[in-house]
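*Asks:* Below, each chain spelled out in residue letters.
Protein chains: 4
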Amino acid sequence: MSNLDTVLKDLVIANRILAKEEVVDAYGHISIRNPDNPKHFFLARSVAPELVERDDIVELGLDGQPVREEKRALYLERFIHAAIYEARPDIQAVVHAHAEDILPFGIAQATPLRPVIHSGSFIGANVPVWDIADKFGDTNLLVTNMAQGRDLAKCLANNNVALMRGHGFASAARSLIEVVRLSVYLPRNARALMRAKMLGGKIKYLSKGEIDARNKGYSPYSTETWRAWEYWANKAGIGHLLTRPDGRPVHTGKHDHKHDH
Amino acid sequence: MSNLDTVLKDLVIANRILAKEEVVDAYGHISIRNPDNPKHFFLARSVAPELVERDDIVELGLDGQPVREEKRALYLERFIHAAIYEARPDIQAVVHAHAEDILPFGIAQATPLRPVIHSGSFIGANVPVWDIADKFGDTNLLVTNMAQGRDLAKCLANNNVALMRGHGFASAARSLIEVVRLSVYLPRNARALMRAKMLGGKIKYLSKGEIDARNKGYSPYSTETWRAWEYWANKAGIGHLLTRPDGRPVHTGKHDHKHDH
Amino acid sequence: MSNLDTVLKDLVIANRILAKEEVVDAYGHISIRNPDNPKHFFLARSVAPELVERDDIVELGLDGQPVREEKRALYLERFIHAAIYEARPDIQAVVHAHAEDILPFGIAQATPLRPVIHSGSFIGANVPVWDIADKFGDTNLLVTNMAQGRDLAKCLANNNVALMRGHGFASAARSLIEVVRLSVYLPRNARALMRAKMLGGKIKYLSKGEIDARNKGYSPYSTETWRAWEYWANKAGIGHLLTRPDGRPVHTGKHDHKHDH
Amino acid sequence: MSNLDTVLKDLVIANRILAKEEVVDAYGHISIRNPDNPKHFFLARSVAPELVERDDIVELGLDGQPVREEKRALYLERFIHAAIYEARPDIQAVVHAHAEDILPFGIAQATPLRPVIHSGSFIGANVPVWDIADKFGDTNLLVTNMAQGRDLAKCLANNNVALMRGHGFASAARSLIEVVRLSVYLPRNARALMRAKMLGGKIKYLSKGEIDARNKGYSPYSTETWRAWEYWANKAGIGHLLTRPDGRPVHTGKHDHKHDH
Numbered sequence: 037m038s039n040l041d042t043v044l045k046d047l048v049i050a051n052r053i054l055a056k057e058e059v060v061d062a063y064g065h066i067s068i069r070n071p072d073n074p075k076h077f078f079l080a081r082s083v084a085p086e087l088v089e090r091d092d093i094v095e096l097g098l099d100g101q102p103v104r105e106e107k108r109a110l111y112l113e114r115f116i117h118a119a120i121y122e123a124r125p126d127i128q129a130v131v132h133a134h135a136e137d138i139l140p141f142g143i144a145q146a147t148p149l150r151p152v153i154h155s156g157s158f159i160g161a162n163v164p165v166w167d168i169a170d171k172f173g174d175t176n177l178l179v180t181n182m183a184q185g186r187d188l189a190k191c192l193a194n195n196n197v198a199l200m201r202g203h204g205f206a207s208a209a210r211s212l213i214e215v216v217r218l219s220v221y222l223p224r225n226a227r228a229l230m231r232a233k234m235l236g237g238k239i240k241y242l243s244k245g246e247i248d249a250r251n252k253g254y255s256p257y258s259t260e261t262w263r264a265w266e267y268w269a270n271k272a273g274i275g276h277l278l279t280r281p282d283g284r285p286v287h288t289g290k291h292d293h294k295h296d297h
Numbered sequence: 037m038s039n040l041d042t043v044l045k046d047l048v049i050a051n052r053i054l055a056k057e058e059v060v061d062a063y064g065h066i067s068i069r070n071p072d073n074p075k076h077f078f079l080a081r082s083v084a085p086e087l088v089e090r091d092d093i094v095e096l097g098l099d100g101q102p103v104r105e106e107k108r109a110l111y112l113e114r115f116i117h118a119a120i121y122e123a124r125p126d127i128q129a130v131v132h133a134h135a136e137d138i139l140p141f142g143i144a145q146a147t148p149l150r151p152v153i154h155s156g157s158f159i160g161a162n163v164p165v166w167d168i169a170d171k172f173g174d175t176n177l178l179v180t181n182m183a184q185g186r187d188l189a190k191c192l193a194n195n196n197v198a199l200m201r202g203h204g205f206a207s208a209a210r211s212l213i214e215v216v217r218l219s220v221y222l223p224r225n226a227r228a229l230m231r232a233k234m235l236g237g238k239i240k241y242l243s244k245g246e247i248d249a250r251n252k253g254y255s256p257y258s259t260e261t262w263r264a265w266e267y268w269a270n271k272a273g274i275g276h277l278l279t280r281p282d283g284r285p286v287h288t289g290k291h292d293h294k295h296d297h
Numbered sequence: 037m038s039n040l041d042t043v044l045k046d047l048v049i050a051n052r053i054l055a056k057e058e059v060v061d062a063y064g065h066i067s068i069r070n071p072d073n074p075k076h077f078f079l080a081r082s083v084a085p086e087l088v089e090r091d092d093i094v095e096l097g098l099d100g101q102p103v104r105e106e107k108r109a110l111y112l113e114r115f116i117h118a119a120i121y122e123a124r125p126d127i128q129a130v131v132h133a134h135a136e137d138i139l140p141f142g143i144a145q146a147t148p149l150r151p152v153i154h155s156g157s158f159i160g161a162n163v164p165v166w167d168i169a170d171k172f173g174d175t176n177l178l179v180t181n182m183a184q185g186r187d188l189a190k191c192l193a194n195n196n197v198a199l200m201r202g203h204g205f206a207s208a209a210r211s212l213i214e215v216v217r218l219s220v221y222l223p224r225n226a227r228a229l230m231r232a233k234m235l236g237g238k239i240k241y242l243s244k245g246e247i248d249a250r251n252k253g254y255s256p257y258s259t260e261t262w263r264a265w266e267y268w269a270n271k272a273g274i275g276h277l278l279t280r281p282d283g284r285p286v287h288t289g290k291h292d293h294k295h296d297h
Numbered sequence: 037m038s039n040l041d042t043v044l045k046d047l048v049i050a051n052r053i054l055a056k057e058e059v060v061d062a063y064g065h066i067s068i069r070n071p072d073n074p075k076h077f078f079l080a081r082s083v084a085p086e087l088v089e090r091d092d093i094v095e096l097g098l099d100g101q102p103v104r105e106e107k108r109a110l111y112l113e114r115f116i117h118a119a120i121y122e123a124r125p126d127i128q129a130v131v132h133a134h135a136e137d138i139l140p141f142g143i144a145q146a147t148p149l150r151p152v153i154h155s156g157s158f159i160g161a162n163v164p165v166w167d168i169a170d171k172f173g174d175t176n177l178l179v180t181n182m183a184q185g186r187d188l189a190k191c192l193a194n195n196n197v198a199l200m201r202g203h204g205f206a207s208a209a210r211s212l213i214e215v216v217r218l219s220v221y222l223p224r225n226a227r228a229l230m231r232a233k234m235l236g237g238k239i240k241y242l243s244k245g246e247i248d249a250r251n252k253g254y255s256p257y258s259t260e261t262w263r264a265w266e267y268w269a270n271k272a273g274i275g276h277l278l279t280r281p282d283g284r285p286v287h288t289g290k291h292d293h294k295h296d297h
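Going down the list, the sequences are from chains A, B, C and D. The opening position of the first sequence corresponds to residue 37 in our numbering, with each subsequent residue numbered one higher. The opening position of the second sequence corresponds to residue 37 in our numbering, with each subsequent residue numbered one higher. The opening position of the third sequence corresponds to residue 37 in our numbering, with each subsequent residue numbered one higher. The opening position of the fourth sequence corresponds to residue 37 in our numbering, with each subsequent residue numbered one higher.
Isolated chain A, as found in the complex (with noise of 0.2 Å):
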């Protein structure tokens, strides 16, 4: 049980660090797959990233329904997270957003969205787009049931990241520090792409060799990834909550001179 009060303290963080790193507004979601149960996740109920806590916490199926009896409302768009759940047992964290950066490559397809910058390795080599109109025809671009989601999860496929034309993205990982790491650089690497463009000729991408080495070796506790972690925890003001995996001390920002680590 102690695993799972981390897990969702960690949530509590996800949920901060995506909005003050504008990934996510009032808008946008992060879920985490119960490490105790594959057939359950872990998501808040509709309210703004920014403004969740532990009791926001809500449990829900492969189905995108509450295992409990629950009666505040739900994210419209939890389908999202429930059907690459469901096609990915690799999956451990699923994030939606809409950061602004990421939107013009679901509107103008002619420039795929590849890594150029060492930081966008995360989003992988391949960024398909999904248009919920191609099978749905015209909808509220919503994701609102689970055959959206199903959709939408065929086209992500083995991918990091699926853009959602004129929407949005959804991206997933093995675990929750690098879906977060993924969604807070992926606008990033948009926008280094974009300006690249538009000073003109040749792009350098990373190549798939460079994407692999970056990717190598499974460790979302690496000292760098956990720098990264602790310093958009400590931004967001939740450094209190952090639990590091070999339980030294916790740096919780400025006005805390007794790190050790």
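Given that identical chains are not distinguished, each listed pair holds provided it fits within a single copy or across any two copies.
Straight-line Cα separation of at most 25 Å, DSS-like style, residue types lysine-lysine; simulated pairs:
#  : residue 1 : residue 2
1  : Lys45     : Lys271
2  : Lys271    : Lys56
3  : Lys171    : Lys238
4  : Lys171    : Lys240
5  : Lys45     : Lys75
6  : Lys107    : Lys45
7  : Lys240    : Lys252
8  : Lys252    : Lys171
9  : Lys171    : Lys244
10 : Lys190    : Lys171
11 : Lys190    : Lys75
12 : Lys244    : Lys233
13 : Lys107    : Lys75
14 : Lys190    : Lys240
15 : Lys56     : Lys45
Hint data in this document are derived by calculation from the structure and do not stem from the laboratory.
Using the hints provided, position chains B, C and D relative to the given structure of chain A.
*Replies:* Relative to the frame of chain A, chains B, C and D by itself:
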């Protein structure tokens, strides 16, 4: 009378949201038709939206003039509001603003401003551009009388937004919460379209069917619409004035854990 | 003397406004001609505008030198101000700044910077570009003597603004409040024009008649001009120094409800 | 020893300035050669620059390894600093950062990054682009050993800045204050050049003579250079650590009126 009290509180909230979201700055304004008298509307006196308080609100007639004696200076461009209320019995709220991101579309009219992102659907399928010079020749570009206001209202026709060349925009909706929402998302949609153009290639706009699907079912208090209103109000520091239509307690931000909706 | 007291307070306010609105940063300055002696002007000593206090203000002659003994370091480029006051008896206030958004127009001169938005009318119909290299060859690009200042003033001629290639701009107006307003709107107009160019197609500039209509009637204290000055002063946290010309109480911002104007 | 005390305080200030000015974020670092031993340099341990305190600073040798026993994690890319100090006896301070605005120039190399604004002169006439793949094939793009560091230093040659393709930049200068200044202005120059390109037409770069004129006379403590350092230090909230070279009191920001310089 209690409904009027809520209406005036909501107008204060709306002013503060538009200021915080940078739709307006020192200039720009928002009004609401008097629910008890369609020949009148409420608009602040001439003060920056960020500073609007209840006492600043003035009641005007459809000729743009105050219905009671009023010594304080009024917005020069109140005729935008008056003329739109006069021409459009369906409209209950109006915004005029200079939001930077929409200005290029009024200046370089070769690219019509149309919805490209789902939250941009609220601007409507068609956004006409009004040029005061067409009928009035050289002016100071401000709408300072009913003749100019009516010409703008005629250009707006049955649409939700009209761009005002070299000036800003006027938006109109069936409720205050909806005109705020569309005015906040209008610049965001403009940015997405501009960036899509910069990427180059074919642009996928929202279809008429998608715009209609998102507009279907008049509900300014749906959970999703309310969530943005509440989120923006709290962000603007005015959450304490919020009134939920169903009487349930209001979430006043991250320091309040007693929310239940 | 009380008029001089107001003049110096206004100069402090103006410095803070330009800093807050990001027209200036560590560098940049604003001056006002001495209303009691046209051969002198007031300019702060060499300190960031954000930090300017009353005691920092120095009185200089039209040769750019202090009129009293002055031990503290002065702005190297005070000669911009001196030369413009010397050449233009109509000018009462001058700004020099490096505001980022105007820099491209001095670097890529194929696109003249002209008013495209109504608030941009104050920059005037023509904005010449001055290149120090034309007359002085290779320099450090700073205007550090009267010869350079006079060459810049000659380029400025009767216009309101001259861009300084690879450096920034110099603006001049009939009053402090007007030079601040034009300097704040200059970058905004530059952004709108740049974005209009990026959209492509024909650009509609303000006509000469529109520029003139907006400039007609010299009134630095019209309600609309005052509203921006007051709004910006409060935003910069310096509202307590405001002086209304008509003696009415000053609105010091959202914490003051006792306003009546 | 008192000089060393100042050196370490300045290094803390420099870290905070680069963070506040958004040249660095969670990643990025700055070092200074030990004035008492040119074979050593000072660099913080692996922590975000925004959080660097005196105790975080570690002394390293020109092999990138700590000179004393050090348990705490070090920056993986400290070899950038070591190799540049090894190759360039004239260099006393080095920065490595990922500042967004320069990234496009390393990705789309058809447009060389050259000074176009006067404050950009400090980046030097030539900014080479280093691509780690040229010599090392597919890597994770990080400079994590001396071989890679030396290859980067070779590309840098006698220049002030080298862009690192898809990664960021490395800058080097004769003093800490100068490397901070050039690193802060590098992104600003990049933005101006990108926008000039977007406007189209011929671009006027700074001439070699202008760059030299601005670089003439080595004086990291000239009034203008000091003014920016002091301004940035205060802006970063670290002004209390400032040391003026002439012993005069330090201006600690807008709450301190006892300044005299």
